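Participant: Chain by chain, the residues run as shown.
There are 2 protein chains.
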Amino acid sequence: MSRETAAAQNRKELKMKDRPLILVTNDDGHRAPGLRKLIELMRELGEVVVIASEHSMSGMAHAVTIQTPLRPRLVCEEDGYREFVSNGTPVDNVKLGKHSVLLDRWPDLVVSGINHGSNASINIIYSGTMGAVLEAAIDNIPAIGFSLDDFSHNADFSHLDSYINQITQKVLNEGLPEGVSLNVNFPKASGRPIKGIKVCRQAKARWVEDFEERTDPYGRKYYWMGGKFENGDGRPNTDEKALEENYVSVVPVHFDFTAHRFIDQLKF
Amino acid sequence: MSRETAAAQNRKELKMKDRPLILVTNDDGHRAPGLRKLIELMRELGEVVVIASEHSMSGMAHAVTIQTPLRPRLVCEEDGYREFVSNGTPVDNVKLGKHSVLLDRWPDLVVSGINHGSNASINIIYSGTMGAVLEAAIDNIPAIGFSLDDFSHNADFSHLDSYINQITQKVLNEGLPEGVSLNVNFPKASGRPIKGIKVCRQAKARWVEDFEERTDPYGRKYYWMGGKFENGDGRPNTDEKALEENYVSVVPVHFDFTAHRFIDQLKF
Chain A
1 MSRETAAAQN
11 RKELKMKDRP
21 LILVTNDDGH
31 RAPGLRKLIE
41 LMRELGEVVV
51 IASEHSMSGM
61 AHAVTIQTPL
71 RPRLVCEEDG
81 YREFVSNGTP
91 VDNVKLGKHS
101 VLLDRWPDLV
111 VSGINHGSNA
121 SINIIYSGTM
131 GAVLEAAIDN
141 IPAIGFSLDD
151 FSHNADFSHL
161 DSYINQITQK
171 VLNEGLPEGV
181 SLNVNFPKAS
191 GRPIKGIKVC
201 RQAKARWVED
211 FEERTDPYGR
221 KYYWMGGKFE
231 NGDGRPNTDE
241 KALEENYVSV
251 VPVHFDFTAH
261 RFIDQLKF
Chain B
1 MSRETAAAQN
11 RKELKMKDRP
21 LILVTNDDGH
31 RAPGLRKLIE
41 LMRELGEVVV
51 IASEHSMSGM
61 AHAVTIQTPL
71 RPRLVCEEDG
81 YREFVSNGTP
91 VDNVKLGKHS
101 VLLDRWPDLV
111 VSGINHGSNA
121 SINIIYSGTM
131 GAVLEAAIDN
141 IPAIGFSLDD
151 FSHNADFSHL
161 DSYINQITQK
171 VLNEGLPEGV
181 SLNVNFPKAS
191 GRPIKGIKVC
201 RQAKARWVED
211 FEERTDPYGR
221 KYYWMGGKFE
231 NGDGRPNTDE
241 KALEENYVSV
251 VPVHFDFTAH
261 RFIDQLKF
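Just so you know, the sequences run in chain order A and B.
The numbering used here numbers the first residue of the first sequence as 1 and each following residue consecutively.
The numbering used here numbers the first residue of the second sequence as 1 and each following residue consecutively.
For reference, chain A alone in the conformation it holds in the complex:
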């Protein structure tokens, strides 16, 4: 190797080393357009490793795979980019990403999404996208979940680039407090420009389920679960309100389930 080539190589290595390692995952599976968009945006900001699920893991929440082994496989390798597909859940994928089996160092940032569908309000608790984010936060890895309020496979993600860039750069530069991660939701593309970013709280909303009864060809009953979303939270600073008003909602979230205010009231 000539001295010039060696110097160039050194510069390149230094540059690669200085670039943050970003782990990208989601819950809609490795083919989802939302994941592809997020990968494209992250590759501008750092070295990227994708660990995504083979199939949709929507609604898998914080589930982990304990009864079958995990089978991540490398499907793409380029300069500063590796992509794995796994049979695990989003939380499994983050766990794999912290380990020497796939990566030689921990990621500097975990991003998950862009989810096809909102994860605002109570949706966070069912969300595999946000399960991955909370899992990273348990290990103090800064993490952001991005979701678009549009369930369609062909959802329009074109209005999100500058916001994803801004939020990600901020977290890369400043980090996040211990155990805190971000639940970012975007309003559906409407032609109207997004008004800005609102930092807000999780709305108290819920799904009112509805079961459709059917009978299979063998005479046995089965039920399809459906539901209607019901937001009864009238407070001004909620994520649902922000989305309704065409803002990006950012909720700082944590994994402490304790209802602290009730500790002193509860006596045995």
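Rather than coming from a laboratory, the hints here were simulated on the basis of the structure.
Treat the hints loosely; a few may be bogus.
All copies of an identical chain are treated as equivalent in the list; a pair is satisfied when it fits inside any one copy or across any two copies.
Straight-line alpha carbon distances no greater than 25 Å define the calculated PhoX-like cross-link-like pairs of lysine-lysine that follow [unchecked claim]:
1. 267 / 188
2. 37 / 228
3. 195 / 267
4. 221 / 170
5. 198 / 267
6. 170 / 267
Every value quoted in this text rests on a predicted model; they were computed, and no experiment measured them.
Use these hints to put chain B onto chain A, whose structure you have.
Facilitator: Okay, now just chain B, sitting in the frame of chain A:
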């Protein structure tokens, strides 16, 4: 029917109607000894409906089944008692229990467990047992998760009766604040008497994963996920500390993930 028989029938109906309807579920599956124990205890306190999963749903967290239909089937019916087995997750089972497809009224209480293994500290986030409890709380149904710090299938549950009775009766009589449910964990049977009940906070602990690499007969690598539990929380009033000191830990929990303290600090 004679007047006496009719009166007796009326008294019986009134008594049944006055008895609370208790929905029992778990995540270890319908055959788990911990579930059987909980059913036995609950039948002393009210009318009982069990909706439990066919197979173990351990580690399924708040997962919901959205890609396949649910197939609950009645496997036992006696006076004041019905038992269903379903192919769904613990959260699905609670959703089914709120619906006219199986029950004609909402349960007055949801209890989940007794889990074979602790759900204290960070274990709550992976727990199907606690997923069921949080799901009930979303709909303002009082709910309690009971877990024993012993993973064994043949765990000794004999030291828990009076505590489960006391905690359940209290919740039946007094209810719980809106959106709050209880994560109750018991120390493993040790011969030493349990010291009492401590109302406490979720400890900040985590699992440090470990992946064991193997090669299948076809030459492909796969990984078994294992892990070591690590509690770095030295605060005095945590659930882990209570268990360590041979107390029953009771953590009031909610489903608001917002890190409220960080809302004002985060600026865009």
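Participant: Against each hint, give a clear statement of whether it holds in the structure.
Facilitator: Verification of the supplied hints:
Taking identical chains as interchangeable, the C-alpha atoms of residue 267 and residue 188 lie at most 25 Å apart only when they sit on different chains, with a minimum of 23 Å there against 47 Å within one chain. Neither within a single protomer nor between protomers do residue 37 and residue 228 lie at most 25 Å apart by alpha-carbon distance, with minima of 29 Å and 36 Å respectively. Only between protomers do residue 195 and residue 267 lie at most 25 Å apart by alpha-carbon distance; the minimum there is 15 Å, versus 47 Å within a single protomer. Within a single copy, residue 221 and residue 170 get their C-alpha atoms no closer than 52 Å, and across copies no closer than 38 Å, so neither meets the 25 Å cut-off.
Only between protomers do residue 198 and residue 267 lie at most 25 Å apart by alpha-carbon distance; the minimum there is 9 Å, versus 39 Å within a single protomer. When the C-alpha separation of residue 170 and residue 267 is checked against a cutoff of 25 Å, the pair qualifies only between copies, where the shortest distance is 10 Å, while the shortest distance within a copy is 44 Å.
Going through the hint list in order, the structure does not satisfy hints 2 and 4.
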